[in-house]
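Read top to bottom, the protein sequences are chains A and B.
Heads up: the first sequence begins at 294 in the working numbering, then just goes up one per residue.
Heads up: the second sequence begins at 294 in the working numbering, then just goes up one per residue.
Don't take every hint at face value.
[As the list claims (entries may be wrong)] Chain A stretches covered by chain B per the calculated footprint, using a threshold of three residues with CB under 8 Å from any CB of chain B:
| id | region |
| --- | --- |
| 1 | 334 to 348 |
| 2 | 368 to 381 |
| 3 | 540 to 549 |
| 4 | 586 to 594 |
| 5 | 599 to 611 |
| 6 | 642 to 653 |
[Stated by the list, open to error] Simulated pairs of lysine-lysine, DSBU-like, Cα-Cα distance not exceeding 35 Å:
| id | chain 1 | residue 1 | chain 2 | residue 2 |
| --- | --- | --- | --- | --- |
| 7 | B | Lys462 | B | Lys329 |
| 8 | A | Lys445 | B | Lys462 |
| 9 | A | Lys445 | A | Lys462 |
| 10 | A | Lys329 | B | Lys329 |
| 11 | B | Lys462 | A | Lys462 |
| 12 | A | Lys462 | B | Lys445 |
| 13 | B | Lys689 | A | Lys689 |
| 14 | A | Lys445 | A | Lys329 |
| 15 | A | Lys462 | A | Lys329 |
| 16 | B | Lys445 | A | Lys329 |
| 17 | B | Lys329 | B | Lys445 |
| 18 | B | Lys329 | A | Lys462 |
| 19 | B | Lys462 | B | Lys445 |
Bear in mind the hints are in silico, worked out from the structure with no lab data behind them.
C-beta: ideal position from N, C-alpha, C; glycine also.
This is what each chain is made of:
Protein chains: 2
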Amino acid sequence: MPAEERVIERAVILSTGDELTSGLTVDTNSNWLADKLFENGIDLVAVITVGDDAERIRWAFESALDRADLVISTGGLGPTADDLTTEVLAATLGREIVFDEASAQHMRALFRSIGRDMPQNNLRQANFPAGAVILANPLGTAPGYRVEVDWKGRRRFVVVLPGVPREMKPMTENEVLPWLRGLDATGQVYLSRSFQTFGASESALDEMMGRAVAPEEGRLSFRAAFPQISVRVTVHGRPHEAEAALARLSERVRERIGDYVFGEGAATMEGVVNQLLRQRRWKLAIAESCTGGLVAERLTNVPGSSQVFAGGLVAYTPQTKQATLGVRAETLERHGAVSDEVAREMAAGARRACDADVAVSVTGVAGPDGGTAENPVGTVYVGFACDGALVSRRYKLWGTRDWIRLLASQIALDWVRRHALGRPPQESLLIRR
Amino acid sequence: MPAEERVIERAVILSTGDELTSGLTVDTNSNWLADKLFENGIDLVAVITVGDDAERIRWAFESALDRADLVISTGGLGPTADDLTTEVLAATLGREIVFDEASAQHMRALFRSIGRDMPQNNLRQANFPAGAVILANPLGTAPGYRVEVDWKGRRRFVVVLPGVPREMKPMTENEVLPWLRGLDATGQVYLSRSFQTFGASESALDEMMGRAVAPEEGRLSFRAAFPQISVRVTVHGRPHEAEAALARLSERVRERIGDYVFGEGAATMEGVVNQLLRQRRWKLAIAESCTGGLVAERLTNVPGSSQVFAGGLVAYTPQTKQATLGVRAETLERHGAVSDEVAREMAAGARRACDADVAVSVTGVAGPDGGTAENPVGTVYVGFACDGALVSRRYKLWGTRDWIRLLASQIALDWVRRHALGRPPQESLLIRR
């Protein structure tokens, strides 16, 4: 942290709603906001969640204002009587409630656009504490707002947003974060860049990075979203210097863990594979046994995948492996369905059946049953076929059935990615239990 | 609420961890615990989340003890120096910390079982505030505990659990909930039963239920986990009467919305289908276009699905539909790939190719592109083939690509379920946007 004083150093997030305290809904807003605050160097003191109850909301606002410069509230802005945020906040701050005609107009127009009359109680959503700056909500009826207050002699800011994630998130991106950055009188910015990795565990990546990023240069953080781990570099400083520092540190990250990086930002393995196949003008075929359609499902989850996906065959039984993929009875008998040989014949068969450029296959034991001494649960073979090559490799995976399937599907997609980049497949995973 | 006084009426959940306040991890523990408290009739006053910081944890404990009879804390029980829960709680309560040799023995045994020596710092996990009742953690090194305290003249209980969900949940089920129920001096119990439904929206189900359950008889609650909605009935009273009331109300639920119920408790559509196929000794084949393998992936996500799943064919292109499913070029040309006719030929082709008893097929437009005037995005045809029948039906779905695919996969599985039960497929969904 630099010595210059910042207007906002500490924040509290306040989530309101009976659906949260009764266990009906998982609060994902707070996590998303926590991440944004972290990226902007703001220390999150606490998240407080309360139901739709005036006394509890008031306690939460008071506790938050006592402890932080910034309070971000989500929820409780709906049109019904149990939506109390504005009423309680105004009372807490000792401010009047004022009605905003422009917001009411916007709501009426929104209702007209879907051919309905606006119910009278929606007008409550045009109420704001006096002095509030209204934040537009293009996707819903409830606008948000922010209000600057003097709380026991200290300067505080309260930001009030709707609880619906698809409304709250763009409002935060478009209205709140730019304002927050503008408030920072130090002229300093926080910049960050994320790398998506697969194949090494968090602790393995941490070890590889070693002391490559000194604490005074920036911050490395890891976020695991099985089976991929993102590595984020965050720097802080004056804009020009921060950009240079980010470029420098990003290069160091790539030097150390580059082989595990498959994309940046919000990249997914299936998205990257889709893009590479499109660039190469290749059509992919997929043959699956233990993953049961998961590889195909993931690839086709990307819009426009029909341009790169020839077809998939899920062959769960020896009969189907023979009938749909042309795996030979003799191969199945001699080597078993979970083997290098069958993985290769599955890939070759899928490529032939779907008339594809490249094909990938997966056969293995996802468990919980079906393991043998030779092929215990977690044994997975990946096969790959293209013009002039037919290869396979054995992997020893672990975990629950879900995990093994997901990990196997990721390895299969990574093979396609690496082949498209002219790189060999990963020999084994640096992922420890 | 009955007039008898209960020992625990109000609770606060306290979640600790820098991974929560920096946005790295979504706090799913609190939602799970909130649901358990709700089921047991305990009013959740607040959830407070703070990072690994002694002053903040202390503030959270104090706020919680001021406001509730029961405080449930998760996280901060690890072996490292930033795990502060026990230390801070003991200081807050003014209790000494005592070392429990039996817990240390258990940890050493756990490490021995995986062939490793226990690091010295794990011994911290055998520290407890004086007077704590230790709660066994069969799945990890950190035991939990509960402690009864006098807080400003009021009787309070603090339950401390590890933050790892797979350790926290069984400890709650096995140690905390039975103790909580035993504490209830009124002799009354909370009982509940959940019904899993598909095909009607929350508001449609609510309308169908009408006033069938009066507030004094019990409570109905809906939980949407797209595309299924669970309906829970909760009753409260002396054990014998509560059981009778639950049976009576459950019957009313079945009367009103029975056609949409596909299972109870934690049932999933794929699990129910798997079980029915097993009972009938049928093998299922699946032909997919727009769902891209999702139907097969879901069915095979159930352990033991190899006994009921013959195989799946994901045919994304007209060529693959012809080559792997035997759909006729003429049919494709005359009716288009998204049509009743092609859905039927896909189902028949999959059944033949995989030598299956029954087959289901899906073809449609998941979007965001590919819609036409005749078949806009969201148009999905489901086909079904069995001995003596070959049928199909058109559905008009909506939403994002993900939603359309998930909804279509659910309809396809529901067709198989309904066929196995000798019931006709649903004509259309009672789900509004």
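Results of checking the hints against the structure:
{"no.": "1", "hint": "334 to 348", "result": "holds (count 8)"}
{"no.": "2", "hint": "368 to 381", "result": "violated (count 0)"}
{"no.": "3", "hint": "540 to 549", "result": "violated (count 0)"}
{"no.": "4", "hint": "586 to 594", "result": "holds (count 8)"}
{"no.": "5", "hint": "599 to 611", "result": "holds (count 10)"}
{"no.": "6", "hint": "642 to 653", "result": "holds (count 3)"}
{"no.": "7", "hint": "Lys462/B <-> Lys329/B", "result": "10 Å, holds"}
{"no.": "8", "hint": "Lys445/A <-> Lys462/B", "result": "42 Å, violated"}
{"no.": "9", "hint": "Lys445/A <-> Lys462/A", "result": "31 Å, holds"}
{"no.": "10", "hint": "Lys329/A <-> Lys329/B", "result": "31 Å, holds"}
{"no.": "11", "hint": "Lys462/B <-> Lys462/A", "result": "31 Å, holds"}
{"no.": "12", "hint": "Lys462/A <-> Lys445/B", "result": "42 Å, violated"}
{"no.": "13", "hint": "Lys689/B <-> Lys689/A", "result": "44 Å, violated"}
{"no.": "14", "hint": "Lys445/A <-> Lys329/A", "result": "28 Å, holds"}
{"no.": "15", "hint": "Lys462/A <-> Lys329/A", "result": "10 Å, holds"}
{"no.": "16", "hint": "Lys445/B <-> Lys329/A", "result": "39 Å, violated"}
{"no.": "17", "hint": "Lys329/B <-> Lys445/B", "result": "28 Å, holds"}
{"no.": "18", "hint": "Lys329/B <-> Lys462/A", "result": "29 Å, holds"}
{"no.": "19", "hint": "Lys462/B <-> Lys445/B", "result": "31 Å, holds"}
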